[in-house]
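The residues making up each chain are set out below.
2 protein chains.
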Amino acid sequence: MEIYIVSDIGGTQMRVAAHNTEDLSRVNVKKIPTLGEGQTPTERLIQLIREVSGENRIRAIAVAAPGYLDPEKGIVYLAPNIPGWRNLNLRQHLYDVFRVPVYLGNDANMAALGEWKFGAGIHHRNLLYLTISTGIGSGVVLDNRLLLGENGLAAEFGHVTIDPEGPLCGCGHRGHLEAYASGTGITNFVRQQLSAGVRSSLSLDNNLSSKEINQAAQLGDSLAIQAFTRAGKYLGIAIANFLHMLNPSIVILGGGVTQAGDLLFTPMHQALQESIISPQYLKNLKITTAVLGDDVGLKGALALLITEFCQPIQNSSGS
Amino acid sequence: MEIYIVSDIGGTQMRVAAHNTEDLSRVNVKKIPTLGEGQTPTERLIQLIREVSGENRIRAIAVAAPGYLDPEKGIVYLAPNIPGWRNLNLRQHLYDVFRVPVYLGNDANMAALGEWKFGAGIHHRNLLYLTISTGIGSGVVLDNRLLLGENGLAAEFGHVTIDPEGPLCGCGHRGHLEAYASGTGITNFVRQQLSAGVRSSLSLDNNLSSKEINQAAQLGDSLAIQAFTRAGKYLGIAIANFLHMLNPSIVILGGGVTQAGDLLFTPMHQALQESIISPQYLKNLKITTAVLGDDVGLKGALALLITEFCQPIQNSSGS
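Just so you know, the protein sequences line up as chains A and B, in that order. Letter 310 of the first sequence, counting from 1, is numbered 484 in the working numbering, and no numbers are missing. Letter 239 of the second sequence, counting from 1, is numbered 413 in the working numbering, and no numbers are missing.
Hints should not be assumed to be uniformly reliable.
Identical chains share a label here; the pair holds if one copy fits it or two copies do between them.
Claimed, not checked - No more than 27 Å apart at the CA atoms, straight line, and that leaves these computed lysine-lysine pairs for DSS-like:
| id | residue 1 | residue 2 |
| --- | --- | --- |
| 1 | K460 | K247 |
| 2 | K205 | K385 |
| 3 | K457 | K247 |
| 4 | K205 | K460 |
| 5 | K247 | K385 |
Calculated from the structure, these hints are not laboratory results. Quick caveat, the model's predicted, so the values are computed rather than measured.
Throw the hints in and build the complete structure from the sequences for me.
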């Protein structure tokens, strides 16, 4: 059988799946830890691809990888959680072994592509995907094409300034969306309030996380509720900005922080309504949550293959 | 001869030009006031197109128009400075008279397309154009295609929040880029400082404008200098955000406020350097001023015709 190989590399685990090139059905999938004794992550990836492929003939490979990378050149500049993945020509490494076309994409971009092709974004030509967890990742599809920019560095929507005097972001700059609305931003706000003496069922320990804050909020803790209200407000302001800039027909929200549900979404919708410059941007706009779960990276890599490697195909709504 | 008709409609003047479809050379051009006794602006436009066309056969028409419009539907929703241009199906009106394909574009988008095809952006695939005058308009080309969004409402880069508690914008919201860095934003800041008793060679009269403030700054007035420094700083922060989101290879700045030159650009570059999350975004990035002047709308309409009406053609650098 002829197969496509798709892979999703994370800091903890790597997944590889094989799909029949004729009907795109998944014929095999495996997941292993990214790090292992006596092997580099790249060696582990190559071995996993061999295992998942078996006797089948590989036609093309697509890999979703974290960090800064250049999808056109196939180079991972820096994947902070993967030892040795710095200025790594991953495409060349895989091509040298398998001798087939190799495609590479940033994990958040691949997630956006996955949701667009197989998930919540089917039938949409213009899509904004935000994944809100420890940080904020994003991916954008415009007119049925992935937004990459000149060097594949586009779609860093977590790193837009909402307030130049705002809290520190993980990147070292102030007042980015990520510094307000990510799990880290929410946790930092609660820590700061606790340090200032605000009373709460939460306490200043090392395990404080947005998940724990969410649980406290669901039980009525007012500091915890305030933390999500604040995150939702800034998220709504940022989404209004993104609508003014991109005018998408769907915004898809994924990532662990969205588990907070209406605690986050109600203030988000309110701030969005207040911040939008014309109701036209909200007309027919769908705002929804991601549906693909842990599979999103593999599905995105498959979407990349069938939109880039095969002849470009339109989404179902394409004309 | 067979000709393309291109038109640029402003609140004060409308321009129409005719181009030979074979070599794209301009064979005629005329400019008249947009408003006139006993005729609607649409009637004046139709008459001007007839005059400029003469005996030639029109193959297609493209119009650059101000305000909110839907380029796909050909409808001007609202052009604030043109009486009667509200929910106007301009495409249908022109088609009913001339019976040729009619294209419509927002003036800032057309300016971006003009600079991309014929001006400062030649050879670039990913371009951000900002025109900074009374307000801030913008247009974006991504991968050699104009960014329009789902309903043609994209690229309102003047209306992104830089500080939710910031000064009022003309649109009624707070802290937008336009409220800081447009001519209006600069003038409002100076007015507010003068009202607060800050000493300056400028005075609180009705004629205070960014042009006058620029002249005072060139003569060393410290309030005037401060006004441009502040505008440049927020412009730099905003451009950093736009680079994170779009990763263009060129940023083109047009509009009267850019006449201030380094008064604006020096603080802009400094804030950009301070705000960018990775030097990769600035590598090979060109930041430059617009070159097409008053002709930019007509040139943009011509660019629209030859990229949309003719078979899509790539920019010179396209491969």
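Evaluation of the provided hints:
no., hint, verdict
1, K460 - K247, "between (34 Å within a copy, 21 Å between copies)"
2, K205 - K385, "within (25 Å within a copy, 64 Å between copies)"
3, K457 - K247, "between (39 Å within a copy, 16 Å between copies)"
4, K205 - K460, "neither (33 Å within a copy, 44 Å between copies)"
5, K247 - K385, "neither (38 Å within a copy, 46 Å between copies)"
Figure legend: structure checked against the earlier numbered hints; hints not met, in rising order: 4, 5.
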